[in-house]
Amino acid sequence: MSDTEVHKKVTDIFTNYLIKNKHRKTPERYAILNEIYQTNGHFDVEDMYLRMKTNNYRVSRATLYNTIEILLDCKLIRKHQFGKIQAQYETSFRSRQHDHIICSKCDNVIEFCDPRIQNIKDSIFENMNFIIEYHSLNFYGICRNCQKNKI
4 MSDTEVHKKV TDIFTNYLIK NKHRKTPERY AILNEIYQTN GHFDVEDMYL RMKTNNYRVS
64 RATLYNTIEI LLDCKLIRKH QFGKIQAQYE TSFRSRQHDH IICSKCDNVI EFCDPRIQNI
124 KDSIFENMNF IIEYHSLNFY GICRNCQKNK I
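Under our numbering, the sequence shown has 150 at position 147, and the numbering climbs by one with no breaks.
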C-alpha cells in the first residue's frame, strides 16, 4: 500500500469515526492526523505541538490533546509509557509487529522485531483459543552507548 493509499485509508477511518461519534470534522484535527502520519517513529505531544507550530499550523495544545485521545480511541495511534519518560505515541495503521528495548540511562527507545514472538502468539491461539488483539513487550537495560560512556 502506497503512502497515498495509507493517507486516504486513515483519513476515511478518522472521518467515519468522527461522524459516528458526533465529533466535529475540523481542519485542525485533519492537520494533526496528517502530521502524525508523516512522522516516523515515536513522538510525544509536546514535540508534536512544537512541530505543528514550526510548520505554521494554528493548533492549540487542547486541540492536540483532544485529537490524540480521539486517534487512540479509533486505533489510528498507539500509546506507550516507557519508564519515567512522558507518554510516547506512534502510528498503528499498517504498523508491523514490533517491540521495544529502552535504555534506563538515556531513555533511548529502539524498536526490534523477533519472529519468535509471533510464534508465541500463534501458539497461544492454537493451544488456548485466545485471540490476541495486540501486545506490548518492552525490555529495559543499558544501551551500548551508555555502557561505553559509563553514564
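Any given hint could be a false lead.
Claimed, not checked - Listed below are the simulated DSSO-like cross-link pairs for lysine-lysine, each with C-alpha atoms no more than 30 Å apart in a straight line: (1) K12 / K25; (2) K12 / K28; (3) K82 / K108; (4) K11 / K25; (5) K25 / K56; (6) K12 / K23; (7) K82 / K11; (8) K124 / K82; (9) K78 / K56; (10) K23 / K82; (11) K12 / K82; (12) K12 / K108; (13) K56 / K28; (14) K28 / K82; (15) K82 / K56; (16) K23 / K11; (17) K28 / K11; (18) K23 / K78; (19) K108 / K25; (20) K153 / K12; (21) K108 / K28; (22) K78 / K124; (23) K56 / K12; (24) K78 / K25.
Worth flagging that the hints you see were computed from the coordinates, not collected in a lab.
Hints, verified against the model:
Of the pairs offered as hints, the one joining K12 and K25 holds, with about 20 Å between alpha carbons and a cut-off of 30 Å not exceeded. Pair hint K12 plus K28 holds up; C-alpha atoms about 16 Å apart against a cutoff of 30 Å. The straight-line distance between the Cα atoms of K82 and K108 is roughly 21 Å, inside the 30 Å bound, and the hint therefore holds. As the CA atoms of K11 and K25 are separated by approximately 21 Å, the hinted pair is consistent with the 30 Å bound.
A threshold of 30 Å between alpha carbons decides the hint, and for K25 with K56 the separation of about 28 Å falls inside it, so the pair holds. Restraint check for K12 and K23: satisfied, since their Cα atoms lie roughly 16 Å apart, inside the 30 Å limit. As the CA atoms of K82 and K11 are separated by approximately 22 Å, the hinted pair is consistent with the 30 Å bound. Proximity of K124 to K82 is assessed by CA-CA distance (about 21 Å); at most 30 Å being required, the pair is judged to hold.
In summary, the hint linking K78 to K56 is supported, as the alpha carbons are separated by about 25 Å, within the 30 Å threshold. Taking the CA atoms of K23 and K82, the gap is about 23 Å. The hint holds against a cut of 30 Å. For the hint pairing K12 with K82, the CA-to-CA distance comes to about 21 Å; that is within 30 Å, so the pair holds. Straight-line distance between C-alpha atoms of K12 and K108 comes to about 39 Å, which puts the hinted pair past the 30 Å bound.
For the hint linking K56 to K28, the alpha-carbon distance of about 21 Å falls within 30 Å, and the restraint holds. At most 30 Å may separate the alpha-carbon atoms for a hinted pair to count; K28 and K82 meet this at roughly 23 Å. Straight-line distance between C-alpha atoms of K82 and K56 comes to about 22 Å, which keeps the hinted pair within the 30 Å bound. At roughly 18 Å between alpha-carbon atoms, K23 and K11 fall within 30 Å of each other, so this suggested pair holds.
Note on K28 and K11: the hinted pairing holds, with a Cα-Cα distance of about 15 Å set against a maximum of 30 Å. Straight-line distance between C-alpha atoms of K23 and K78 comes to about 15 Å, which keeps the hinted pair within the 30 Å bound. For a cut-off of 30 Å, the pair hint linking K108 to K25 is broken: about 44 Å separates their Cα positions. With a C-alpha separation of about 46 Å, the suggested pairing of K153 with K12 is violated against the 30 Å cut-off.
Proposed proximity of K108 and K28 is contradicted: the alpha carbons are some 42 Å apart, above 30 Å. This hinted pair checks out: K78 and K124 have alpha carbons roughly 20 Å apart, not beyond 30 Å. Restraint check for K56 and K12: the C-alpha separation of about 26 Å stays at or below 30 Å, so the hint holds. For a cut-off of 30 Å, the pair hint linking K78 to K25 stands: about 17 Å separates their Cα positions.
In summary, the structure is inconsistent with hints 12, 19, 20 and 21 from the numbered list given earlier, while agreeing with the others.
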